[in-house]
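Spelled out from the first residue to the last, the chains are:
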Amino acid sequence: MTTRRDKIGNVFCHIYLIILAVVAFFPLVWVLLCSVKTSGDLTANPTRILPKHFTLENFLHVINELGFAENIANSLLIAISTTCIAIVISSMAAYGIVRFFPKLGSIMSKVLVTTYMFPPILLAIPYSMVMAKAGLVNTRIGLVIVYLSFSVPYAVWMLVGFFKTVPIGIEEAARVDGANKLQTFVQIVLPLVMPGIVATAIYTFINAWNEFLYSLILINSTEKMTVSVALKSLQGAEILNWGDMMAASALVVVPSVVFFMFIQNKIAGGMTEGAVK
Amino acid sequence: MKRKVKFDYARWIFVLPALVIVGALLIYPIFSSLYYSMTTKHLIRASYDFIGVDNYKAVLSDSNFYKAFFTSILWTVGSLFGQLFIGFTAALAINRVNMGKGVYRTLMIIPWAFPSIVIALSWKWILNGVSGFVPNLLVQLGICSELPQFLSDSGLVFLTLIFINVWFGAPMIMVNVLSALQTIPQEQYEAAQIDGASKVQQFWYITVPHIKIVVGLLVVLRTIWVFNNFDIIYLLTGGGPANATTTMPIYAYNMGWNTKLLGRSSAVTMLLLAFLLMICVVYFTIIGKWEKEDK
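Protein chains in written order, with the working numbering: chain H, 1 to 277; chain P, 1 to 295.
Do not take every clue at face value.
Under the rule of at most 35 angstroms between Cα atoms (straight-line distance), these lysine-lysine pairs were calculated in the DSBU-like manner [as the list claims (entries may be wrong)]:
1. P/K199 to P/K295
2. H/K181 to H/K164
3. P/K101 to P/K199
4. P/K292 to H/K103
5. H/K103 to P/K57
6. H/K7 to P/K101
7. H/K103 to H/K181
8. H/K266 to P/K212
9. P/K295 to P/K212
10. P/K260 to H/K266
11. P/K57 to H/K266
12. P/K67 to P/K260
13. H/K7 to P/K67
14. H/K164 to P/K295
15. P/K292 to P/K212
16. P/K101 to H/K266
17. P/K295 to H/K110
18. H/K181 to H/K110
19. P/K260 to P/K57
A few chain H positions that, by computed beta-carbon distances, are all more than 12 angstroms from chain P [to be verified]:
20. L60
21. L66
22. P119
23. K164
24. I188
25. V198
26. T222
27. L231
In short, the hints are calculated from the structure, not lab data.
Yeah, the Cβ is synthetic: ideal placement off N, Cα and C, and Gly gets one too.
With the sequences and hints as input, model every part of the structure.
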């Protein structure tokens, strides 16, 4: 029983959503379109939407001349290492909190939430000093260690939500069969929460891949730069080459967006659920 | 259940690595910052002295600090209001329509995945004052007589930044509110309809109570995030033109890495943290009250 008013309301909802979707989507489309435009097309007046001459020149220039492939390799290495370490540590912690520290667990979760409050700029100062003392300034290992500071608390928080869904009965059965805590965890629990762990891992990867501030402060040689800082340095060039910048941006943003699409259903609520329930 | 008398160390092994990380990478730096904030620590010079609260005095008597503080407040309140409004209305609209829910959601979620440097570069290019898409479009449509300079005109730049931050942050609100909306049992609406409740009444008495804790938490998380955000403004305007967009994190960064006074920069960041703590205490008191009402 849809009334006329409901129908009009629906039409308005669609119009509103289409406008929002276009605005949300537009920068990605524009980056991709501009990444294959020639410099003539980029500065054409009036603005040309579609490229007149399709070219991969920008991509080739960015990768071959500007060494962007190296930056991508750095970022991949750093993001993957961060993700692996963070996920191992966080899955154990999340499971431990859910199973063994039911009371202490809520306090631990609160501590984790509190760490979210620490301004990254505040942490950046001690990090740069400690890394200097430890001889880890301008190293990829140093950056991985620093990235754990935001990956681990966040991953634990998300994973607690996933581990809570595992019924304790299954574990007790395994324990009766003589499995110890570690065996129960690895053989029984982990497979059950694997989808959640994968989602958390992807989210951790995206955040490490996207990170900017710590990378800016801790890395200063071109060959060790991550993609964000390398992209920033393109912006500091004498003559701005927007074609290059769009091609490099496309290389950075497309993996993030694609990965994000995979986990979009899992991520919903992941942030608030841990604290609400 | 009977507890084992023997000390159960296995359970500690599970949480220990994470505790070490949190302790070493989050708790220790706070105290070390607190210490450095009372020294003359310099970015390059090796030696430094303990000077008590002098850094705090210097910061608190700097008019630029207050300017940055108010810019931060405006930036946070403006962005938060925009993100909540767009995120919330988008979630309600998606929840209402029957067709294309998934498509809308997928398209709208894209900004969330953007690295801050790409947010900055893509919008800088779209809003570019010479060949940018939007300025040229506005001129062609006859809305503007000359190309608007969104990122360098001191009258426009702040609104532009807030717009971009809303673009980036609204999807997160939208997704979380949407998933909270979907947990509301449909029968409640049906029952309300039978009782003759209007749409507005249904919204206030069914929808709002169900999602207000989630929304409250989102507001806390977003406030912290926006207030602390450094990347977006630094990469888009660098705090300019003429300090018009210098927020607290940018001010602290410049103090530490341009003026090279790391000690004084630490003092700024400690004040930043203190302010956030105050805000969070207020928020959590409110949310705690709501949770009690629920039970």
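Tested hints:
This hinted pair checks out: P/K199 and P/K295 have alpha carbons roughly 26 angstroms apart, not beyond 35 angstroms. Restraint check for H/K181 and H/K164: satisfied, since their Cα atoms lie roughly 17 angstroms apart, inside the 35 angstroms limit. Between P/K101 and P/K199 the CA atoms are separated by roughly 21 angstroms; this keeps the pair inside 35 angstroms, and the hint holds. Distance restraint check for P/K292 and H/K103: the Cα-Cα separation of roughly 19 angstroms lies within the 35 angstroms cut-off, and the hinted pair is therefore satisfied.
For the suggested pair H/K103 and P/K57, the alpha carbons sit about 42 angstroms apart, so the restraint of at most 35 angstroms is broken. For a cut-off of 35 angstroms, the pair hint linking H/K7 to P/K101 stands: about 16 angstroms separates their Cα positions. With a C-alpha separation of about 19 angstroms, the suggested pair H/K103 and H/K181 falls inside the 35 angstroms cut-off, and the hint holds. For the proposed pair H/K266 and P/K212, the alpha carbon gap of about 21 angstroms is at most 35 angstroms, so the pair holds.
With a C-alpha separation of about 14 angstroms, the suggested pair P/K295 and P/K212 falls inside the 35 angstroms cut-off, and the hint holds. With a CA separation close to 43 angstroms, the supplied pair P/K260 and H/K266 exceeds the 35 angstroms bound. Restraint check for P/K57 and H/K266: not satisfied, since their Cα atoms lie roughly 48 angstroms apart, outside the 35 angstroms limit. Proximity of P/K67 to P/K260 is assessed by CA-CA distance (about 20 angstroms); at most 35 angstroms being required, the pair is judged to hold.
For the suggested pair H/K7 and P/K67, the alpha carbons sit about 49 angstroms apart, so the restraint of at most 35 angstroms is broken. With a CA separation close to 21 angstroms, the supplied pair H/K164 and P/K295 stays within the 35 angstroms bound. Restraint check for P/K292 and P/K212: the C-alpha separation of about 13 angstroms stays at or below 35 angstroms, so the hint holds. Between P/K101 and H/K266 the alpha-carbon distance is near 16 angstroms, which keeps this suggested pair within the 35 angstroms criterion.
Restraint check for P/K295 and H/K110: satisfied, since their Cα atoms lie roughly 20 angstroms apart, inside the 35 angstroms limit. Between H/K181 and H/K110 the alpha-carbon distance is near 25 angstroms, which keeps this suggested pair within the 35 angstroms criterion. Distance check on the hinted pair: P/K260 and P/K57 sit about 18 angstroms apart at the alpha-carbon level, within 35 angstroms; holds. Distance check on H/L60: its Cβ is at least 19 angstroms (rounded) from any Cβ of chain P, clearing the 12 angstroms threshold; non-interface status holds.
With a closest Cβ-Cβ approach of about 14 angstroms to chain P, H/L66 is found to remain outside the 12 angstroms limit, as its non-interface label requires. Listed as outside the interface, H/P119 is inconsistent with that label: its C-beta sits roughly 4 angstroms from the nearest C-beta of chain P, within the 12 angstroms cut-off. For H/K164, the shortest C-beta to C-beta distance to chain P comes to about 15 angstroms, beyond the 12 angstroms cut-off, and the non-interface label holds. Every C-beta of chain P lies more than 12 angstroms from that of H/I188, the closest at about 15 angstroms, which supports listing it as non-interface.
A cut-off of 12 angstroms between C-beta atoms confirms that H/V198 is not in contact with chain P; the least separation is 16 angstroms. With a least CB separation of 16 angstroms from chain P, H/T222 remains clear of the 12 angstroms interface cut-off, as annotated. Its beta-carbon lying about 5 angstroms from the closest one in chain P, H/L231 breaks the requirement of being farther than 12 angstroms from that chain.
The structure fails to meet hints 5, 10, 11, 13, 22 and 27 from the earlier list, while all remaining hints are met.
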